[in-house]
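Student: Chain residues, written in single-letter form:
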Amino acid sequence: MIPLSAYVAVSGILFVTGIVGVLVRRNFIIVLMSIEIMLNAGNLNLVAFADHLQSLGGQVFALFVIAIAAGEAAVGLAIIIVVFRGKIATNVDQINLLKW
Amino acid sequence: MTSVFFVYFAVVSVVSAVLTVALRNPVQCGIALLSLLGHIAGLFVLLHAEFLAAVQIIIYAGAILILYLFVLMMLNLKSEERYVHRRYAWYVVGMGALSIELMLMLLASNYAGVKGTATADAIEQVGNSTAIGILMFSDYLLPFEIVGVFLLGAIVGAIVLTKNPTRADLEREPS
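Protein chains in written order, with my numbering: chain A, 49 to 148; chain B, 41 to 215.
It should be emphasised that the hints constitute simulated quantities derived from the structure, not laboratory data.
Far from chain B by the CB rule (all over 10 Å, computed), these chain A residues:
#1 A137
#2 N144
#3 K147
Chain A stretches covered by chain B per the calculated footprint, using a threshold of three residues with CB under 8 Å from any CB of chain B:
#4 80–87
#5 101–107
#6 127–133
C-beta: ideal position from N, C-alpha, C; glycine also.
Work out the full structure, taking the sequences as your base and the hints as a guide.
Tutor: See below:
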């Protein structure tokens, strides 16, 4: 039997990897992919605790998270396409109009 | 036997997450993300969430990742010389410290909690997807409806953002 903390440890490592990706990479699409990694880590946590506490609520919420991730990917990629088509920027750190 | 599968899925998913963040070519990052999603689905199976594993493969790997790859092919990105942030080492060190802190907190916690009624045997009798469906359309009906409205908004937003303005639109616009 696998202990719960093993799943939570895997989920924590995945989440930290996703944060590093968001902070470090300059490419728009990779940043969005790192957000997907973080959402997956959260899902894994939800399902692990659903199994541990013997309650299905976590699995239902993981389904909702997957739906939200689909919407986020669609809108985020649409924004990326607009930015590239308008030749506004090619990297994340070039969009700094609001920076002071 | 279960622990062998767990170690395999855990190690490969962590490795492919690191590859997703670290690889230079965006298409290779997408393929690494595909591997990550597949192995997370394997972990879901180990956690008695078979329906969620199937949904993960169908929606994440089948729909979301294909969307990413379409956009990558459309934009025709070149893999750049300087593909990470200028001071990335600081971020990596800080996040490494954060993950060590997380692991220490994990060791200290005892995972107490009230056990529910949905034991593995009880779910086995009706089937995983039936149990999830009954719960989703009774207790979680309101969040389900909200997700429906959210997805409609996402569709409309994506279409409006990426639509090319036609000549009629441009003429109607006050200058």
